[in-house]
Amino acid sequence: MNYIRNYIFTLVLLLQLVTPAQISSNYTKFGVGEIIYSYSGRNIGLGGLGVSVLNGSYLSFVNPASLTKLRLTRVEFGANLSGSFLSDNTNKGFYASGRFDGVSLAFPVSTANGITLSMGLLPFSNVNYLDVKTITPNGDLSERSVTTYKGTGSLSKLFLGTSIKMPFDFSLGVSMDYYFGSFTYYSRIEFPNNISKNKSEYNNKRRPGGLGSTIGIITPDISKLFSSNLLSEFRLGFSVNLFSELPTDTLLIRTSVLGIDTLSNEKVNMHLPTRIFAGVSFIVNKKYLFTFDYTEQKWANYTFNGKKSDNLRDSYRYSFGIEHDNQNKGAGLNREHMVWRLGVSYEKTQYRFNGKGINQIAIYSGLSLPLSLKNSLDLALEYSIRGTTSSNLIKENRIRFSVGLSLAELWFIRRNR
Amino acid sequence: MTKRLFLILLTGIVFFQLSSCSDAPKNFGVDILSSDFIVLDTLNTTKDSVAQISTTFKTVTPLGASQNLLVGKKDNVNASFLIKFILPLADSIKTGISSGAVIITEAKVKLINTYQYGDSSAAFAITAHKVTSDWSSIGFTSDSLPNLMYDFANVSSALNLTDSIKTFNLDVNLIKSWFQSVIDTSLKSNKGLYVESSPISQKVLGFQAKTSFSINQPELHVIINKPGVYTDTLKFTPEADVSIVYGNLPAIGSGEMALQSGFVINSKLWFDISSLPKNAIINRARLFLTSDSMLTIKGTNLVDAILVSNIVDSTTKVIDSTLTQKNLTPNGNTYSGLITSFVQTWLNTGKNEGMLLAPVEGINGVDLFVLKGSNAPVLADRPRLEIIYTTKK
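Top to bottom, those sequences are chains A and B. The numbering used here puts the first residue of the first sequence at 1, with every later residue one more than the last. The numbering used here puts the first residue of the second sequence at 1, with every later residue one more than the last.
No wet-lab data here; the hints were simulated from the structure. Any given hint could turn out to be false.
[Claimed, not checked] Non-contacting residues of chain A with respect to chain B, defined by C-beta distances greater than 12 angstroms in every case (computed):
id, residue
1, Phe94
2, Ala96
3, Val132
4, Ser156
5, Tyr186
6, Ile189
7, Ser200
8, Leu242
9, Ser264
10, His271
11, Lys287
12, Tyr294
13, Tyr316
14, Phe320
15, Val344
16, Glu396
[Stated by the list, open to error] Residues on chain A that point at chain B, a partial pick, calculated with CB under 7 angstroms:
id, residue
17, Asn198
18, Phe353
19, Ile394
20, Asn397
This one's a predicted model, so the numbers in the text were calculated from it and none came from an experiment. C-beta: ideal position from N, C-alpha, C; glycine also.
The shape of chain A in the complex, shown without the other chains (with noise of 0.2 angstroms):
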């Protein structure tokens, strides 16, 4: 009971470090900023994916179809701290920073079926930039002038789905999503010496609302057709996110000498490419889960008023996870308890500046503490490399711990009369 305690104390005081900062580079400008794959600690830990897992102990909405082995009502929560190294070829800094990532709740509606229903609120990319430049033309103290540029928001889904068990064992799972959110991109010129020139500002505003949906499959177990009695749960998994144009207020406004006024403030379409999800996994030993995943979406095609980036072009991940969990459920924090997980990833990264692409690398880590006999804290820790500092383009060395709470119980029970 003193353990629970303490991880409650010590996820309330993680929450408190939630504090908004400087968490990414320049790069999140674009589009709608860096793609956020997964909020939850065993995810994470996995690099990310598990298109093709099908548990019954966490919640996964890469793929929706995941949650047909789902036996009891859970709920899971996410958070995370993250500190950039950014460099490029004259500046170095590290700025840090943290995030509530999302919630979701899944409930079994009939076990026997794999029918389920979920819902969750998560997060699905995040615009996160601070800039500052300062010039003094000719030494001319007088004249120093502080550019600043800034971007925040983010793109959250609110998502309301489904799980069915399919004839021959495949897992078919659908979710209806709604998109929405608010980014913010502000410019600003001040003067700090010369109190006879007026500072300069301009806030771009963005709201994306529209709906979307995520359509999974899971295959039955087909480790059987590789005679191996080491092998088990062999599934391949396939999913799709699609989204709706996506309606979004704009609105251009600057701040002069006479205050605030409008510059522009319209609705505009915004265009979100489909996003595909290819995975397999296996058990090896009973112990062992591997995964392989696969994702891809060709943000070429997205478009903001109608118009493409030039910035944006098609990008794909691959990650590969292992999972040990040694099947004893038994709660407590003892070594044989605990699951451990380690992933890597490469991906090709939606950005392109000067014809140069930038791309991640990132190992990942993470392990289950289990708090009972279905609940567990699931930590993780990733480190990942984007980007060059070639071209005066931008490198990031991150690191990032996720926290995550995986609670479940047992609702809907019928009692005998």
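Assemble the complex: chain A is given as a structure, and chain B must be docked to it using the hints.
Relative to the frame of chain A, chain B by itself:
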């Protein structure tokens, strides 16, 4: 084991707490944000050959609120003033005046000199006349002057300009008639005094006008005598006063514009700023005007500055009451000041009706500012507007 894990976790938290002390924001690969850049640019109406128009015109302004009573004549300026004293009399004096037991032996107007326009040694003379028609200091202008009725007889004498307090005497019969109107209110003969310049005057003087303070304002001193009983001096202060300045536009060249207090003579200045992007933010807009020091005549004790107002209707020259008027202050032969809010307003509204230029102390004197106008032969002498502005890509 569990304690160790917990310690690791806490260590992690401490690490991140420490690391929350992020570095100051810097400039990383800022070219990435080029699509969002804000660009600082300048517009110099002289260097960039921006079209401009300046015109000089005369307006009629009530001078009732002027701090100075102006009188005199110089060049194109003719100034005069109206003053009416309030005459509270004790009942004993009223009785004495009515019965003839009290006689008025002398009446003198005392004025504190506060302003001079023209050479101090220049000729100056005035005449004073009994006003016979009603007038009010509110709204009285040079246009009202033809309707003013007064006796042509000069009731002043003994003008003394040598001391700091200038004085002139008034005809005691005039004072007696005013006293009679106090005694018999139906007479209404006290309609004040009209003080105008003699044709020989070559300068304009200003005197402290009626104020809310008792000091320094004009006074009427009346010496009364009850033979064998007493001699007393009664002091009266103004009930109302107003200056009237009239004349022609000053003689200036075609490439010049003029501003003059009193009349008032103002100028309008317009710049074509259509080359500025509509979405721009004006960081600084500074107006420079070059003075013609040969023709400019400054009086004494007035603030040397030019007032700039945004015009909302160039035909009626109505100024924008929502924007604070700006001052252009002198530096050598140049007057300059910030008009950032004006230019931003022109951009925001798409309506640029120009600026009204006027002396800062438009009603307290007759100072003449002659400035190089939009048609000045030397481009560098013309009014110049320097704008620093920001645009967003």
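Structure-based check of all given hints:
Listed as outside the interface, phenylalanine 94 of chain A is inconsistent with that label: its C-beta sits roughly 5 angstroms from the nearest C-beta of chain B, within the 12 angstroms cut-off. For alanine 96 of chain A, the non-interface assignment is contradicted: its Cβ lies about 4 angstroms from the closest Cβ of chain B, within the 12 angstroms cut-off. Residue-level check failed: valine 132 of chain A sits 4 angstroms from the nearest beta carbon of chain B, not beyond 12 angstroms. No Cβ of chain B comes within 12 angstroms of the Cβ of serine 156 of chain A; the nearest lies about 23 angstroms off, and the non-interface call holds.
Non-interface status of tyrosine 186 of chain A relative to chain B is broken: a Cβ of that chain comes within 12 angstroms, the nearest being about 9 angstroms off. For isoleucine 189 of chain A, the shortest C-beta to C-beta distance to chain B comes to about 5 angstroms, within the 12 angstroms cut-off, and the non-interface label is violated. Once the 12 angstroms rule is applied to beta carbons, serine 200 of chain A is inconsistent with being away from chain B; the minimum gap is 4 angstroms. Chain B leaves leucine 242 of chain A outside its interface by the beta-carbon criterion, the shortest separation being 28 angstroms against a cut-off of 12 angstroms.
The claim that serine 264 of chain A is not at the interface with chain B is violated, since a C-beta of that chain comes within 12 angstroms of its own (minimum 9 angstroms). In this structure histidine 271 of chain A is separated from chain B by more than 12 angstroms, as the shortest Cβ-Cβ distance comes to about 18 angstroms. No Cβ of chain B approaches the Cβ of lysine 287 of chain A within 12 angstroms, the least distance being about 20 angstroms, so the stated non-interface status holds. The beta carbon of tyrosine 294 of chain A sits about 28 angstroms from the closest Cβ of chain B, which is more than 12 angstroms, so the claim that it is off the interface holds.
Against the 12 angstroms criterion, tyrosine 316 of chain A stays outside the reach of chain B, whose nearest CB is about 22 angstroms from its own CB. Under the 12 angstroms C-beta cut-off, the non-interface status given to phenylalanine 320 of chain A relative to chain B holds; the minimum distance is some 25 angstroms. Taking the minimum C-beta to C-beta distance to chain B, about 21 angstroms, the non-interface status of valine 344 of chain A holds against the 12 angstroms cut. Listed as outside the interface, glutamate 396 of chain A is inconsistent with that label: its C-beta sits roughly 9 angstroms from the nearest C-beta of chain B, within the 12 angstroms cut-off.
Because the closest C-beta pair between asparagine 198 of chain A and chain B is about 5 angstroms apart, less than 7 angstroms, the hint holds. Hint status for phenylalanine 353 of chain A: holds, given a least beta-carbon distance of 6 angstroms to chain B, under 7 angstroms. Residue-level restraint check for isoleucine 394 of chain A holds (minimum Cβ-Cβ distance to chain B is 4 angstroms; threshold 7 angstroms). At about 13 angstroms, the closest approach between the beta carbon of asparagine 397 of chain A and any beta carbon in chain B exceeds 7 angstroms, and the interface hint on this residue is violated.
Hints 1, 2, 3, 5, 6, 7, 9, 16 and 20, counting from the list given before, are not met by this structure.
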